[in-house]
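Residue numbers (this note's numbering), protein chains in the order written: chain Y, 1 to 115; chain D, 116 to 225.
Careful: at least some of the hints might be erroneous.
As the list claims (entries may be wrong) - Straight line, CA to CA, 30 Å or less: simulated DSS-like cross-link-like pairs of lysine-lysine:
1) Lys22(Y) / Lys52(Y)
2) Lys220(D) / Lys44(Y)
3) Lys36(Y) / Lys220(D)
4) Lys169(D) / Lys19(Y)
What the hints assert, rightly or not - Restraint ranges, calculated between C-beta atoms of paired labels, are given here:
5) Ser166(D) / Phe42(Y): 22 to 28 Å
6) Lys44(Y) / Pro165(D): 20 to 26 Å
7) Val12(Y) / Gln157(D): 25 to 31 Å
8) Gly172(D) / Pro8(Y): 30 to 36 Å
9) Ser80(Y) / Thr168(D): 23 to 29 Å
What the hints assert, rightly or not - From chain Y, some residues computed to sit far from chain D (all C-beta separations above 12 Å):
10) Gly16
11) Asn17
12) Gln37
13) Ser48
14) Ile55
15) Arg63
16) Asn75
17) Asn79
18) Asp85
19) Ala92
20) Ser94
21) Gln104
Quick caveat, the hints were computed from the structure, so don't treat them as lab data. Just so it is clear, CB atoms sit at the ideal spot from N, CA and C, and this is done for glycine as well.
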Amino acid sequence: DTAVSQTPKYLVTQMGNDKSIKCEQNLGHDTMYWYKQDSKKFLKIMFSYNNKELIINETVPNRFSPKSPDKAHLNLHINSLELGDSAVYFCASSQGGVGHLAGQYFGPGTRLTVT
Amino acid sequence: GIQVEQSPPDLILQEGANSTLRCNFSDSVNNLQWFHQNPWGQLINLFYIPSGTKQNGRLSATTVATERYSLLYISSSQTTDSGVYFCAGPTGDSNYQLIWGAGTKLIIKP
């Protein structure tokens with residue numbers, strides 16, 4: 001009965017490869033997010049989707065492409081991986097945006113290592 | 116945009132001690148949230164606290180929105196409280212984006 005789940009939990013790959021991370025939430029939330037956490041623990045939002053519509057698209061290389069097939073899923077596809085993409089990627093969800101109700105709920109994170 | 120400052124950046128305490136973590140905002144914040152990231156990396160939503168005080172077991176949080184700060188209190192610390200504590204609030208420009216502090220790294224020694 002995990003609220004926000006991500007797969008895979010660990011991803012080790014070589015430069016130049018293409019990879020995807022999947023996220024699913026069973027909280028019935030209408031908004032989902034992708035965050036990147038660097039080695040200094042700084043959390044930076046990448047994308048935000050509300051009802052499958054892209055709301056926030058921060059300055060992220062276009063090698064990163066999110067896809068939301070429905071309200072419960074938000075996947076992240078990364079093309080031509082670079083060393084600097086190594087980080088922990090978190091998926092999160094909330095109802096009605098960050099200002100509403102009980103706030104954001106996070107998945108367990110995906111640790112991406114690019115060699 | 117809004118800036119978020121957390122203090123102290125690091126805190127090392129013995130088990131059983133109490134602690135207060137602070138979060139200052141450069142502008143008023145309607146919907147402040149506190150999160151705990153445990154040593155295994157899991158981010159847990161602790162409090163959604165636009166104003167006033169909330170308590171959950173040994174943890175409590177107080178937000179004084181008019182003075183642009185929030186405090187997180189941890190009483191009778193346990194080693195499982197170790198990790199990084201983040202506060203975050205909406206940017207004001209968007210209801211879909213949180214601005215995050217840099218975190219307070221808390222280490223509780225047995």
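Each hint tested on the structure:
no. : hint                             : in the structure
1   : Lys22(Y) / Lys52(Y)              : holds (15 Å)
2   : Lys220(D) / Lys44(Y)             : holds (18 Å)
3   : Lys36(Y) / Lys220(D)             : holds (19 Å)
4   : Lys169(D) / Lys19(Y)             : violated (42 Å)
5   : Ser166(D) / Phe42(Y): 22 to 28 Å : holds (27 Å)
6   : Lys44(Y) / Pro165(D): 20 to 26 Å : holds (24 Å)
7   : Val12(Y) / Gln157(D): 25 to 31 Å : violated (20 Å)
8   : Gly172(D) / Pro8(Y): 30 to 36 Å  : holds (33 Å)
9   : Ser80(Y) / Thr168(D): 23 to 29 Å : violated (49 Å)
10  : Gly16                            : holds (27 Å)
11  : Asn17                            : holds (23 Å)
12  : Gln37                            : violated (8 Å)
13  : Ser48                            : violated (4 Å)
14  : Ile55                            : violated (5 Å)
15  : Arg63                            : holds (21 Å)
16  : Asn75                            : holds (18 Å)
17  : Asn79                            : holds (24 Å)
18  : Asp85                            : holds (17 Å)
19  : Ala92                            : violated (8 Å)
20  : Ser94                            : violated (9 Å)
21  : Gln104                           : violated (6 Å)
Of the hints listed earlier, those the structure fails to meet are numbers 4, 7, 9, 12, 13, 14, 19, 20, 21, in rising order.
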